[in-house]
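I would like the entire structure built from these sequences, with the hints used as guidance.
Chain order of the listed sequences is A and B.
Residue numbering for the first sequence follows our numbering, beginning at 1 and increasing consecutively.
Residue numbering for the second sequence follows our numbering, beginning at 1 and increasing consecutively.
Keep in mind the hints are simulated off the structure, nothing from the lab.
The calculated label-pair distances, taken between Cβ atoms and stated as ranges, are:
| hint | chain 1 | residue 1 | chain 2 | residue 2 | range |
| --- | --- | --- | --- | --- | --- |
| 1 | B | P137 | A | E73 | 52 to 60 Å |
| 2 | B | D97 | A | G184 | 53 to 61 Å |
| 3 | B | P137 | A | K3 | 54 to 62 Å |
| 4 | A | K160 | B | S111 | 40 to 48 Å |
Glycine included, C-beta positions come from ideal geometry on N, C-alpha and C.
Protein chains: 2
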Amino acid sequence: MQKIAILGTGTVGQTFGTRLAGLGHEVMIGTRNVQEKLTAPGKDGAKNGFASWHEKNPTIKLGTFEEAAAFGEMILNVSQGANTLTVLNLAKAKNLDGKILVDISNPLDFSKGMPPGLIPELSNFNSLGEEIQKTFPNAKVVKTLNTMWCGIMVDPALIKGDHVNYICGNDEAAKTTVKTFLKGFGWKDENILDLGDLSAARGTEAVLPVWLRIYGAKKMGAFNFNIVS
Amino acid sequence: MQKIAILGTGTVGQTFGTRLAGLGHEVMIGTRNVQEKLTAPGKDGAKNGFASWHEKNPTIKLGTFEEAAAFGEMILNVSQGANTLTVLNLAKAKNLDGKILVDISNPLDFSKGMPPGLIPELSNFNSLGEEIQKTFPNAKVVKTLNTMWCGIMVDPALIKGDHVNYICGNDEAAKTTVKTFLKGFGWKDENILDLGDLSAARGTEAVLPVWLRIYGAKKMGAFNFNIVS
Numbered sequence: 001m002q003k004i005a006i007l008g009t010g011t012v013g014q015t016f017g018t019r020l021a022g023l024g025h026e027v028m029i030g031t032r033n034v035q036e037k038l039t040a041p042g043k044d045g046a047k048n049g050f051a052s053w054h055e056k057n058p059t060i061k062l063g064t065f066e067e068a069a070a071f072g073e074m075i076l077n078v079s080q081g082a083n084t085l086t087v088l089n090l091a092k093a094k095n096l097d098g099k100i101l102v103d104i105s106n107p108l109d110f111s112k113g114m115p116p117g118l119i120p121e122l123s124n125f126n127s128l129g130e131e132i133q134k135t136f137p138n139a140k141v142v143k144t145l146n147t148m149w150c151g152i153m154v155d156p157a158l159i160k161g162d163h164v165n166y167i168c169g170n171d172e173a174a175k176t177t178v179k180t181f182l183k184g185f186g187w188k189d190e191n192i193l194d195l196g197d198l199s200a201a202r203g204t205e206a207v208l209p210v211w212l213r214i215y216g217a218k219k220m221g222a223f224n225f226n227i228v229s
Numbered sequence: 001m002q003k004i005a006i007l008g009t010g011t012v013g014q015t016f017g018t019r020l021a022g023l024g025h026e027v028m029i030g031t032r033n034v035q036e037k038l039t040a041p042g043k044d045g046a047k048n049g050f051a052s053w054h055e056k057n058p059t060i061k062l063g064t065f066e067e068a069a070a071f072g073e074m075i076l077n078v079s080q081g082a083n084t085l086t087v088l089n090l091a092k093a094k095n096l097d098g099k100i101l102v103d104i105s106n107p108l109d110f111s112k113g114m115p116p117g118l119i120p121e122l123s124n125f126n127s128l129g130e131e132i133q134k135t136f137p138n139a140k141v142v143k144t145l146n147t148m149w150c151g152i153m154v155d156p157a158l159i160k161g162d163h164v165n166y167i168c169g170n171d172e173a174a175k176t177t178v179k180t181f182l183k184g185f186g187w188k189d190e191n192i193l194d195l196g197d198l199s200a201a202r203g204t205e206a207v208l209p210v211w212l213r214i215y216g217a218k219k220m221g222a223f224n225f226n227i228v229s
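Written as structure tokens, this is what we have:
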């Protein structure tokens with residue numbers, strides 16, 4: 001079991017929090033301001049979604065991005081792609097150095113309406129994964145799980161049969177550790193496809209545009225891709 | 001049976017030519033300069049690949065882009081994405097007007113080495129499919145088949161079981177006609193996924209970056225994606 005930091009409090013962060021705590025890991029979720037996150041009103045003045053979730057998951061620690069990153073032996077980035085570099089700067093490089101940083105985010109650009117595109121400077125001949133690695137050269141960035149709905153990320157058995165999860169990164173040992181971590185969720189070896197170094201994130205982040213179109217056509221996100229030959 | 005124009009003489013064009021002729025269609029392949037295409041020396045001074053292919057497929061007509069487009073009741077664009085607008089301009093708008101133009105190309109940008117990215121101005125918040133439609137507003141552009149190796153495009157039974165072919169376009173009747181055309185190759189209704197209007201080409205053309213990484217990892221292109229849930 002490990003100490004795991006989750007940077008991001010949205011649905012993806014909550015999903016990972018619940019699942020990782022259920023697997024026996026010690027989890028701290030990072031956010032900008034813990035008190036504000038717990039007390040900000042939700043829709044119609046009701047308790048906000050994160051506060052409601054935390055009430056049901058009281059063993060999961062909360063902290064600032066910096067506290068969470070300092071706590072974690074492994075760090076999961078599930079912040080929104082447009083905010084990721086800000087979030088990681090708040091987490092501070094010294095808390096990332098030498099650690100595995102699993103990047104699950106996507107550089108979505110909502111500025112031109114729905115469905116979003118990708119942030120131009122973080123796509124095509126660049127990627128968010130690579131930009132994180134350039135900005136935090138001593139972190140071991142491993143990109144994975146970003147090509148599917150979060151329910152499937154942490155419980156691949158939701159889909160019968162085989163379906164693919166891509167992984168890429170520059171540090172082979174870190175990728176091996178993350179593959180073992182993924183197996184804890186139920187991912188089978190043969191469904192984890194190693195695409196090589198982190199530049200492959202240009203490919204896996206570019207899955208989102210077609211994913212979003214399929215989601216639009218099928219009106220549901222509980223699907224994944226399988227590679228058949 | 002139909003008169004079909006194929007714009008492009010590469011492997012994709014040859015593959016479609018052989019297959020469509022085999023199905024009984026009348027085919028004309030368009031190129032810039034027919035004589036040059038047949039007589040240009042290949043590697044080591046041997047006959048070039050296109051000329052060798054045409055010797056084995058002598059019933060397939062050759063013509064300029066303009067002649068082929070004038071001939072075709074339906075037109076397949078299999079030119080390289082970077083050349084497509086030039087090719088279609090040579091084919092001339094009057095030969096495309098009112099016709100179905102099946103766009104199978106991808107806006108690959110090889111300028112920064114391998115694997116290629118996408119041409120920035122033809123990707124993300126734009127696509128080659130949409131650019132073609134804007135440039136030739138009276139053509140009925142249908143984007144399909146561009147997300148896989150050409151052998152599978154024309155013979156989906158090469159892969160056992162289900163795998164997906166996306167289709168999108170602004171003209172519903174044209175999409176219906178193209179779906180019937182695809183069934184001629186063996187595509188099953190349930191494996192043709194209609195993603196809506198032509199803006200979905202932003203998604204399907206963006207499959208290439210991950211396709212190319214998978215190709216690199218698997219060292220073979222005879223695969224496709226299946227959507228599982």
